[in-house]
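As they're listed, the protein sequences go chains V and X. Quick note, in my numbering, the first sequence goes up one by one and the last residue is 639. Quick note, in my numbering, the second sequence goes up one by one and the last residue is 262.
Be a bit skeptical, because a hint or two may be false.
Short, incomplete list of chain V residues facing chain X, as computed with Cβ under 10 Å [said to hold, decoys possible]:
no., residue
1, Ser417
2, Leu418
3, Val422
4, Ile423
5, Phe467
6, Phe521
7, Arg523
8, Leu525
9, Met600
Treat the hints as calculated values from the structure; they're not laboratory data. Think of the CB as a built atom: it goes at the ideal place given N, C-alpha and C, for glycine as much as any other residue.
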Amino acid sequence: MKHSFIDKYSHLDSPVHRLDPRVKIITSLTAIVIITTEPLSGRLLHLLLYSAVTVAVTVLSRVPAAYLAGRMLIVSPFILMAALLYPVSVIATREVSFIPNFPALAETGVSVFLKASLAVLILILLTTTDKFHRLLLALRRLKVPAIVTTISALLYRYIFLIADEMLRTGRARESRTPGVLRTGRLKVYGNQVAVIFLRSWERSQLIYKSMLSRGFTGEFPDMQKMNLKGKDIVLSLLFIALLLAVKFFI
Amino acid sequence: MPAGIKIEDLSFSYTPGNRILKSVSLEINPGEKFGIIGPSGSGKSTLLLHLNGVLKGETGRVDIGNITVTAKNLPEVRKLVGLVFQNPDDQLFNPTVEEDVAFGPLNFGLPETEVRERVAEALAMMNLSGFEKLTSHHLSAGERKRVALATVLSMKPEVLAFDEPFSNLDPSMVMQLMEIMGSLESTQVIVSQSVLPVIALCKRMAILKDGEIVAVGETRKLAKDHSLMKASGLDLSLYRNICHTL
């Protein structure tokens, strides 16, 4: 079965793609910290400028806008909910006599929306412009605990197989369900999930045995090379400097 | 000369009171291609997992060449015995083909230049040169099977143990795999329910039923013993009838 992969545009050639993945990770996280630590009121112009810089980098990356929008759409309900609920929560926690300043509250809602959207866009750019395994390797080189990178690697490798199993068991269920499910719907779905869980558990046992068979002792070995270039650092610093200039000098 | 295998009085259970292997004894000569056939649930895969110490018998012993498999010498044993699992998805857990093929040699502490040479060599043997940077889940079932074999060949084991190597393969892939297996000089243990390729590949085989060895001998001789095959749950009359019809 064919799946779409989060790194399907990692083969493109652009200045963003060519950056060392370690630099890309550090730059992305720094940018997220700079943007998300902005106060929620009186900083709308700053957030719009951050958006302009981030969109410029996105255009530079040559990743199709439709693809990015599609991925943004997945998280957009959560962002929207946070943006709408934040002003409501401000009103809800005040005294009954409190008279809300609606334009100011709307501004905080928009700020929450922009901050979260920019953070998500930066993370999507990070995972789209490099091969997933290179990002994992970069994390390993950045001294992220091996258990985290190993779990991520195995998850990325096997999540599609679990999706396939879900599809297969779903088809088996449908092929024996002419019309409407007559037995308890929840029970059937529950059994399906239980079967997938058991199969995943069995598979994990086999994978571990196969790892042991090839001398696994708890550490994933690697032999990939990464070349950090001066140009990577300059580009990264330029991006961060632009964001800091917006934060402190505008 | 590659190592031979000696299994003596091996018994094993996953849960108390439910013996999967019952006093199994076998001797496989160095460089021999040896088949182990038996119906589903007869304990074939379990037996295979004892060859490199992934499972440990309750009684008995397994010798690979001059080494008896014990908890202390597992790294040494695993260098000698390469296990190819039935489902390549259980064997390919790294993000790229190259990392999967390099996994064994790197774990054994080989220098990076040698690991790279071995990866290139193993992939070339499987006709997979150029697949290094691909991700396993992008490959076809046949390609994944070949990558799984490459992950073991890169370890240059003296003993190759195959668990159902012919399952889920189309006939041309079975032929291709048989040619590859036939060209390898290592000692080979082939566990399979597909009796015909085992007959074609191996001069000797054992029949395992309910965890017990019921017969060991020349492959063709055993396969011709209709009553034995039928009693072991491996009735070949369907194949015979098809061959007659064709």
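Hint by hint, here is what the structure shows:
{"no.": "1", "hint": "Ser417", "in the structure": "violated (20 Å)"}
{"no.": "2", "hint": "Leu418", "in the structure": "violated (22 Å)"}
{"no.": "3", "hint": "Val422", "in the structure": "violated (28 Å)"}
{"no.": "4", "hint": "Ile423", "in the structure": "violated (31 Å)"}
{"no.": "5", "hint": "Phe467", "in the structure": "violated (28 Å)"}
{"no.": "6", "hint": "Phe521", "in the structure": "holds (6 Å)"}
{"no.": "7", "hint": "Arg523", "in the structure": "holds (9 Å)"}
{"no.": "8", "hint": "Leu525", "in the structure": "holds (7 Å)"}
{"no.": "9", "hint": "Met600", "in the structure": "holds (7 Å)"}
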